[in-house]
Structures are given as structure tokens and as C-alpha cells.
Amino acid sequence: MNKQLLAIGAAVLLAVLGFAALFAYAKGADDRAFEGTERTTVLRVTQEVATKTPSSELSASVEAVELPKAAVVPGAVTDLSELEGLVTRGVLVPGDQLT
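The numbering of the sequence shown is the working numbering, which starts it at 4 and goes up by one.
Rather than coming from a laboratory, the hints here were simulated on the basis of the structure.
For each residue, glycine too, the CB sits at the ideal point set by N, CA and C.
Each statement offered as a hint is correct.
Subject to a maximum C-alpha distance of 20 Å in a straight line, what follows is the list of computed EDC-like cross-link-like pairs (lysine to aspartate or glutamate):
| hint | residue 1 | residue 2 |
| --- | --- | --- |
| 1 | 55 | 87 |
| 2 | 55 | 82 |
| 3 | 72 | 33 |
| 4 | 72 | 82 |
| 5 | 72 | 41 |
| 6 | 72 | 99 |
| 7 | 72 | 34 |
| 8 | 55 | 85 |
| 9 | 30 | 69 |
| 10 | 55 | 99 |
| 11 | 72 | 38 |
Distance ranges between label pairs, derived from CB positions:
| hint | residue 1 | residue 2 | range |
| --- | --- | --- | --- |
| 12 | 96 | 71 | 17 to 23 Å |
| 13 | 15 | 36 | 29 to 35 Å |
| 14 | 29 | 51 | 26 to 32 Å |
| 15 | 54 | 17 | 51 to 57 Å |
| 16 | 29 | 4 | 34 to 40 Å |
| 17 | 12 | 39 | 39 to 45 Å |
| 18 | 35 | 77 | 25 to 31 Å |
| 19 | 37 | 14 | 34 to 40 Å |
| 20 | 90 | 49 | 15 to 21 Å |
| 21 | 66 | 8 | 46 to 52 Å |
| 22 | 12 | 82 | 50 to 56 Å |
| 23 | 97 | 5 | 49 to 55 Å |
| 24 | 11 | 96 | 46 to 52 Å |
Make the full structure from the sequences, and use the hints.
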């Protein structure tokens, strides 16, 4: 019985260590993928924004993200002050870059 418990304990320990190693590897995947590329910071929508929303109300619905320059759409906004006095022309969905 003691040998079985020892074997089960060893199996659980190996499973936990394997999961931890896999998690650590996956966590660094973005950094490895973007290594050697030029990056820029743009604003990305985090929650749906209705049409005709003033730019002054967008701060709670966007986040700054760092992307490879090749993934940035032309005219992407890097600071909300660039949109001062404007309103959205259409619905913005999560994941969109502000333009």
C-alpha cells in the first residue's frame, strides 16, 4: 500500500511540474514570436462602442497594446487626444484598432 501511495504522489508531482513548465513556456510565446520585430503601441477596443460615441467617452473601452508594425492598420491611433472632438462613425467591436 505504501508503494502505491508513493507512486501516486510521484505521478501527481510530475504532473504539476509538467503543467508548470508548459505554462511558463506558453507565457513567453508572444515575446519569442515578436523577437527581432519593430513594435509600436496602438489603441485597441476592449468592449463594444456604439455609433456616435464621443471620443471623450472612449477611455473606458480601449487599451494600449504593443503590436508588430506589420500588424498595425494604416492610420491607427496611438493616443486618444488625436480624436478630440470626434465621434465614432460606426459600431466598434472588441479587438478593433482605433483608426
